[in-house]
Amino acid sequence: MSALRRYAPLLLLALLWEAAPRLHLVDPRSLPPMSEVAVAWWRLLISGDLATEGLSSLLNLLAGLLLGIVIGTALGVLMAWYRAIDDLVHPLIRALYPMPKSALIPVMMIWLGLGAASKIASIFIGCLLPVVLSAYNGARGVDRVLIWSARAAGASPREVLWEVVLPAAMPEILAGVRNALALSFILLVSSEFIIGQHGLGYLISFLGEGGAYDAMFAGVATVAAVGFLADRLYLLAMRKALLWRE
Amino acid sequence: MAGTEISFERVSHTYRPPRGRPVPALEEVSLAVREREFMALLGPSGCGKSTLLYLLGGFLPVEQGQISVGGVPVRGPGPDRGIVFQNFALFPWKTVRQNILYGLEKQRMPRAERERRAQEFVDLVHLGGFEDSYPSQLSGGMKQRVAIARTLAIDPAILLMDEPFGALDAQTRGLMHEELLSIMERRPKTVVFVTHDVREAVYLADRVAVMSARPGRIKEIVETGHEGRPGPEIVKSRAFAEKVDYLWDSVRKEALLAQAQKAGGA
Amino acid sequence: MERIGGIDPARLLRRSALILILLLAWEGLARLHVFTPFLLPSLTTVLERLAKDTMTGQLPLSLALTLYRALLGFALAAACGVAVGVLIARVRFARWLFDPLVSVGLPMPKIAFLPIFVLWFGVFDESKILMVAFSAVFPVIVATAAATENVEKVLIWSARGLGTGERRLLWEIALPAAFPQIMTGLQVALPIALIVAVLAEMQMGGQGLGGDMMQASRFADSPGVFAGLVAIAIAGSALVKAMELIRRRLLVWHAEAEAGY
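Protein chains in written order, with this note's numbering: chain A, 1 to 246; chain B, 1 to 266; chain C, 1 to 261.
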């Protein structure tokens with residue numbers, strides 16, 4: 001009951017979505033009723049288009065994101081730990097960080113062509129920067145007495161890096177990865193809009209250009225739902241991983 | 001095994017903040033701590049007593065003078081010198097048991113032996129039942145007991161304590177004093193104990209070294225003159241009160257001096 | 001060691017080394033034709049292109065258009081976001097209505113709605129600005145709602161005790177106290193506004209830095225693409241820097257006001 005009350009506004013929105021075009025309050029071509037979009041979604045599912053394009057999107061997203069997380073974390077922690085690396089790399093990261101990441105896509109198209117490589121590279125570079133900075137800040141913020149405690153217990157500097165600095169920086173790293181996750185969806189969908197070829201973004205713009213608006217709305221809803229669920233799942237996993245915090 | 005007597009010979013240290021002028025923290029400090037002695041370092045805040053401890057621990061490089069343990073100069077941290085910090089310094093992502101196990105793993109102790117020993121120290125500090133709790137779930141006193149257990153578990157010959165009970169409330173602090181003394185009775189060690197609490201220093205230590213305001217120097221060394229392990233009853237003795245009074249005066253002068261320095265220097 | 005103004009010159013050199021090396025490598029590799037001029041036009045070519053486009057007025061016009069769309073969208077997002085955020089924090093009905101919508105909307109990839117915006121609003125400024133505002137509004141709402149809710153009760157109580165009315169309470173106490181956190185939300189929203197403005201231009205055309213880049217890319221004009229990248233990067237840095245400065249300015253005022261009470 002309380003859940004119903006809580007989510008009632010979402011139901012209202014759905015109802016409005018269904019009723020407005022049916023009552024011709026808005027043009028049904030601009031906003032197909034929800035039920036028709038649901039039917040279109042079902043057709044997309046059965047035809048296999050959703051699965052094929054979704055898989056392509058998922059693989060590109062994961063490739064770019066994971067590369068960004070692994071390399072970004074390593075780089076950020078090393079920057080925090082070795083002054084020389086910090087001096088070298090930090091100014092470059094600082095200079096690139098505020099760049100609107102969407103501008104990378106046309107450059108990647110020139111370097112890597114109109115394919116998966118360009119999409120993955122755009123996602124990778126876009127995700128790299130926030131992860132580097134969060135790992136750097138996390139590792140810099142490690143309390144020195146934690147490091148000293150480990151050293152006094154007989155840990156080598158390299159062991160301290162793995163066993164103390166990395167876990168102590170984990171809350172910040174995981175928060176940075178959440179930002180990267182959001183950014184990866186933006187870059188994925190927009191690179192699919194722009195580069196085309198494959199993916200849910202491509203499917204949406206293809207359907208839109210063909211005038212199949214009910215199916216286009218179904219595609220948009222799918223991407224929105226997947227992005228939302230990905231964030232929620234990540235949040236759950238993050239809470240679990242950081243259970244020690246309270 | 002080498003002895004555990006500690007000697008500081010004309011140790012000076014300058015603190016260099018990333019921005020701003022270098023600050024002389026310690027000047028020509030010489031001090032000898034005997035084997036199995038409980039030595040308290042007492043002084044106003046900012047007098048460099050913690051710095052002295054960190055130098056002995058090997059966490060900061062000794063730039064001038066020499067610090068040696070059992071005749072061997074200190075170069076870097078080592079498991080022969082265990083340390084307990086004011087803010088516990090527990091690994092927050094490890095449970096009580098995992099925190100205590102960490103040092104034992106570093107000592108390459110076989111697994112079964114490790115587990116047994118960790119349990120022994122959990123019991124020693126009366127934390128049975130909390131083995132799988134995270135530090136964030138414990139009270140301040142319990143956290144400090146874990147930190148002590150973690151440090152004692154690897155059986156360092158020397159115990160360094162940096163205002164270990166400073167973050168605890170008065171009642172808990174009293175209980176921790178008894179606990180520490182009882183542990184030291186069972187497992188005697190050479191202890192260097194930093195504090196700015198005069199009563200704590202007189203109660204726990206065999207000797208109290210009073211440090212001057214910045215730059216820190218050893219101003220005087222006072223024998224507390226306990227016979228055997230001190231108990232709560234000695235606090236009421238006249239001798240205890242006189243020692244506390246005497247040291248309180250000595251520290252107060254330095255604290256006032258330090259305040260004047262701060263006001264003048266800032 | 002010799003120090004100039006507190007900075008060690010050797011360190012300064014180290015800190016600029018990588019950027020210098022990369023710029024030199026860019027120029028060198030392009031000149032030696034390690035990559036074709038299409039893949040990597042030389043740095044000097046790109047700079048010449050930037051200079052030329054500035055002279056002809058094309059670059060300033062595009063820059064102005066992009067900033068206009070991004071900033072107007074951002075302003076719209078800021079105004080609506082703060083208003084909705086305050087309503088959520090203070091009005092029970094608004095909380096019931098907006099809370100689920102916002103918690104679904106925040107983590108959703110809003111960029112996917114771009115084709116719907118094209119369908120509804122066309123491909124001109126209106127559509128781009130609304131797309132920017134829609135993408136940037138959610139972090140502002142969330143930050144404002146949280147900030148307004150977290151204003152310390154004692155602050156409100158003492159203001160009431162001094163006889164402040166409900167309406168003035170909001171303007172004189174709650175909003176200033178919540179301001180630092182709201183500002184943080186705005187600082188999250190600004191880069192989003194820029195990213196989306198550029199993307200909307202790439203998709204919908206109609207000049208602007210993003211549109212120019214897409215145009216250049218379509219005509220295999222790689223100096224144009226690189227020049228666009230450089231211009232967008234500089235514009236982005238400048239805006240983010242400006243926002244930091246504004247924050248510092250306003251928060252100094254805030255701190256002073258608090259100390260003056």
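The hints are simulated quantities; they were obtained by calculation from the structure and are not laboratory data.
Every value quoted in this text rests on a predicted model; they were computed, and no experiment measured them.
Hints may be right or wrong, so weigh each one.
Said to hold, decoys possible - Here are the simulated SDA-like pairs of lysine to any residue, each with C-alpha atoms no more than 25 Å apart in a straight line:
no., chain 1, residue 1, chain 2, residue 2
1, B, Lys-94, A, Pro-33
2, B, Lys-106, A, Trp-17
3, B, Lys-94, A, Gly-211
4, B, Lys-94, A, Leu-58
5, B, Lys-106, A, Leu-58
6, B, Lys-219, B, Glu-63
7, C, Lys-241, A, Arg-158
8, B, Lys-94, A, Gly-196
9, B, Lys-94, A, Arg-158
Inset, instruction - For the pair supplied as a hint, B:Lys-106 and A:Leu-58, confirm whether the alpha-carbon distance does not exceed 25 Å. - result: violated (42 Å)
Legend entry - Satisfaction of hint between A:Trp-17 and B:Lys-106, Cα-Cα up to 25 Å: Violated - the C-alpha atoms of A:Trp-17 and B:Lys-106 are around 63 Å apart, more than 25 Å.
Legend entry - Pairwise hint evaluation, A:Gly-196 against B:Lys-94, where the allowed Cα distance is 25 Å at most: It is violated: about 47 Å lies between the C-alpha atoms, which goes past 25 Å.
Inset, instruction - Would you mind confirming whether the straight-line C-alpha gap from C:Lys-241 to A:Arg-158 stays at or under 25 Å? - result: Status violated; Cα separation ~37 Å.
Legend entry - 25 Å Cα cutoff - pair B:Lys-219, B:Glu-63: holds (22 Å)
Inset, instruction - Would you mind confirming whether the straight-line C-alpha gap from B:Lys-94 to A:Gly-211 stays at or under 25 Å? - result: violated (57 Å)
Legend entry - Distance restraint between B:Lys-94 and A:Pro-33, which requires alpha-carbon spacing of 25 Å or less: violated (53 Å)
Inset, instruction - Assess, step by step, whether the Cα of B:Lys-94 is no farther than 25 Å from the Cα of A:Leu-58, and give holds or violated. - result: violated (34 Å)
Legend entry - Pair hint outcome, B:Lys-94 versus A:Arg-158 [Cα-Cα no greater than 25 Å]: Since the Cα atoms of B:Lys-94 and A:Arg-158 sit roughly 19 Å apart, the hinted pair holds (cutoff 25 Å).
Hint compliance for this structure: hints 1, 2, 3, 4, 5, 7, 8 are broken, all remaining hints hold.
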